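Asker: Given next are the chains, with one letter for each unit.
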Amino acid sequence: MQEFWNQMHEFLKLMQEFFSMSGYAPFVWPAYAIALGALLWYAWQARRQLDNAREEARRKVAMRGDNP
Amino acid sequence: MSWAWFHRFGSPPYFYWVAGKIAPWFGWPSLVLLLIGLYGGLVLAPVDYFQSDAYRIIYVHVPASWLALLTYSTMAISAAIGLIWRIKIAHAVAVACAGVGAGFTIVSLATGMIWGKPTWGAWWAWDPRIVSQLFLLFFFAGYTGLRAAIDDTDRADRASAVLAIVGIVNVPIVRYSVDWWNSLHQAPSVMRADGPTISWSMLWPLLTMALAYTFYFGWIMLVRARAEVLRRDRGSNWVREALTNEAAGARS
Amino acid sequence: MTPNRRKRLYLVLGIVAGVAIAGGLALQAFRNNVTFFFDPTQVVAGEVAEGKRFRLGGMVKAGSVQRTSGSLETRFVVTDFKHDVSVRFDKVLPDLFKENSGVVAHGRIDAAGVFVADEVLAKHDENYMPPEVTRSLKRGESRLGMDEPSASTQSAQP
Numbered sequence: 012m013q014e015f016w017n018q019m020h021e022f023l024k025l026m027q028e029f030f031s032m033s034g035y036a037p038f039v040w041p042a043y044a045i046a047l048g049a050l051l052w053y054a055w056q057a058r059r060q061l062d063n064a065r066e067e068a069r070r071k072v073a074m075r076g077d078n079p
Numbered sequence: 054m055s056w057a058w059f060h061r062f063g064s065p066p067y068f069y070w071v072a073g074k075i076a077p078w079f080g081w082p083s084l085v086l087l088l089i090g091l092y093g094g095l096v097l098a099p100v101d102y103f104q105s106d107a108y109r110i111i112y113v114h115v116p117a118s119w120l121a122l123l124t125y126s127t128m129a130i131s132a133a134i135g136l137i138w139r140i141k142i143a144h145a146v147a148v149a150c151a152g153v154g155a156g157f158t159i160v161s162l163a164t165g166m167i168w169g170k171p172t173w174g175a176w177w178a179w180d181p182r183i184v185s186q187l188f189l190l191f192f193f194a195g196y197t198g199l200r201a202a203i204d205d206t207d208r209a210d211r212a213s214a215v216l217a218i219v220g221i222v223n224v225p226i227v228r229y230s231v232d233w234w235n236s237l238h239q240a241p242s243v244m245r246a247d248g249p250t251i252s253w254s255m256l257w258p259l260l261t262m263a264l265a266y267t268f269y270f271g272w273i274m275l276v277r278a279r280a281e282v283l284r285r286d287r288g289s290n291w292v293r294e295a296l297t298n299e300a301a302g303a304r305s
Numbered sequence: 004m005t006p007n008r009r010k011r012l013y014l015v016l017g018i019v020a021g022v023a024i025a026g027g028l029a030l031q032a033f034r035n036n037v038t039f040f041f042d043p044t045q046v047v048a049g050e051v052a053e054g055k056r057f058r059l060g061g062m063v064k065a066g067s068v069q070r071t072s073g074s075l076e077t078r079f080v081v082t083d084f085k086h087d088v089s090v091r092f093d094k095v096l097p098d099l100f101k102e103n104s105g106v107v108a109h110g111r112i113d114a115a116g117v118f119v120a121d122e123v124l125a126k127h128d129e130n131y132m133p134p135e136v137t138r139s140l141k142r143g144e145s146r147l148g149m150d151e152p153s154a155s156t157q158s159a160q161p
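Protein chains in written order, with our numbering: chain A, 12 to 79; chain B, 54 to 305; chain C, 4 to 161.
Calculated directly from the structure, the hints in this document are not laboratory data. Since the model is a prediction, treat every value here as computed from it, not as a measurement. Be aware that a few hints might be false.
Claimed, not checked - Selected chain C positions facing chain B (in silico; Cβ < 7 Å):
| id | residue |
| --- | --- |
| 1 | ILE18 |
| 2 | VAL37 |
| 3 | VAL107 |
Virtual Cβ for every residue (Gly too), placed ideally from N, Cα, C.
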């Protein structure tokens with residue numbers, strides 16, 4: 012049991028060290044958040060645009076009478 | 054040389070179909086490369102002797118900056134092809150580039166500012182590299198703004214294409230700004246005649262991230278261009294057929 | 004190519020060439036405004052108008068940093084390995100301000116010929132490597148001379 016807690020403690024210390032980024036955490040993590048957030052947002056927006064364009068095209072076709 | 058393939062791509066139904074087929078071949082590799090690159094950059098790459106862990110911002114800053122230039126070049130060349138050969142697909146591709154290119158440029162500037170504070174000691178400097186990158190953003194915004202101001206799609210295509218072509222002159226200025234003038238921004242670490250000045254253990258995650266971003270651009274450009282093509286040709290016969298086929302494909 | 008397409012192609016190439024030439028001339032004319040800093044050689048050569056505020060850039064000369072006890076005032080020498088300029092600064096320096104590394108100071112030259120800075124930024128170069136590599140380089144185990152005034156860190160004057 013003692014062994015387990017020691018290992019746990021070591022692990023948490025490593026994680027803390029990783030997340031602190033030698034004290035540059037307030038700069039490194041926001042930069043990654045902005046970059047990855049932008050990738051996700053633009054991906055979501057592109058999918059939505061395609062869905063909207065399909066929806067609108069379907070409406071146009073339906074207005075003409077023949078249903079796809 | 055036969056130009057048949059070139060004209061085939063100019064046909065909206067063919068483009069819509071082929072773009073839908075190849076888009077996943079860009080999307081999924083991009084995701085895999087991104088995960089490898091992030092792990093490599095954040096965990097495997099060693100700290101830098103000078104900037105310690107602050108340098109890790111390079112793994113999101115540099116790919117975004119490269120992609121901003123790649124996206125602008127793609128947009129301007131597509132717009133020029135559209136203008137000269139009167140190919141509508143080329144204009145649709147240029148439109149697809151504009152929005153996401155502005156995004157890459159903003160990410161490049163924002164992550165650059167965040168990097169500048171702990172290393173240079175300032176969020177912003179009126180440095181030639183930074184100012185020329187800001188101009189790139191203005192050209193992207195100008196392209197989108199000009200299109201929004203013109204209702205007729207054909208006229209918007211032509212007017213915005215001229216703006217995109219004018220702005221291509223800024224691309225080499227961004228790239229060579231750090232060589233031509235004294236600047237606060239560092240000189241290139243990777244794309245240089247005498248080879249990279251960055252250790253391989255730090256370079257491979259950077260190249261992986263750059264490749265991930267490039268595939269991401271390929272994917273998002275195809276998806277956005279498909280949406281743009283549908284929007285332009287809504288109500289046409291080929292769109293009706295394409296949608297019917299898609300609906301049949303979804304049912305089976 | 005049809006004549007119309009050819010005409011439009013030449014038009015596009017003409018636009019690009021025209022804008023490139025106009026832009027090149029403009030950048031050449033405003034060269035001193037485009038550049039972010041002047042190096043010591045340019046300052047010694049009198050390229051900067053007297054009494055004008057400007058940015059001075061170069062390397063912090065090894066062994067030149069003097070701190071005054073009891074105040075923030077720091078004196079150091081900025082060099083481009085051809086000419087030197089003495090600098091005085093009385094605010095907090097950035098973390099990456101180090102001897103033998105790049106710096107850009109904003110201020111003006113006083114009557115005594117000392118550059119009085121009100122802002123100092125650290126300029127890092129394009130070299131990235133793990134700390135072990137620099138240590139072995141310092142011991143002279145590699146061909147890469149990091150202690151040399153490598154031309155690259157000087158953002159090369161063309």
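Asker: Evaluate each hint against the coordinates.
Answerer: Hints versus structure:
no.: 1; hint: ILE18; verdict: holds (6 Å)
no.: 2; hint: VAL37; verdict: holds (5 Å)
no.: 3; hint: VAL107; verdict: holds (5 Å)
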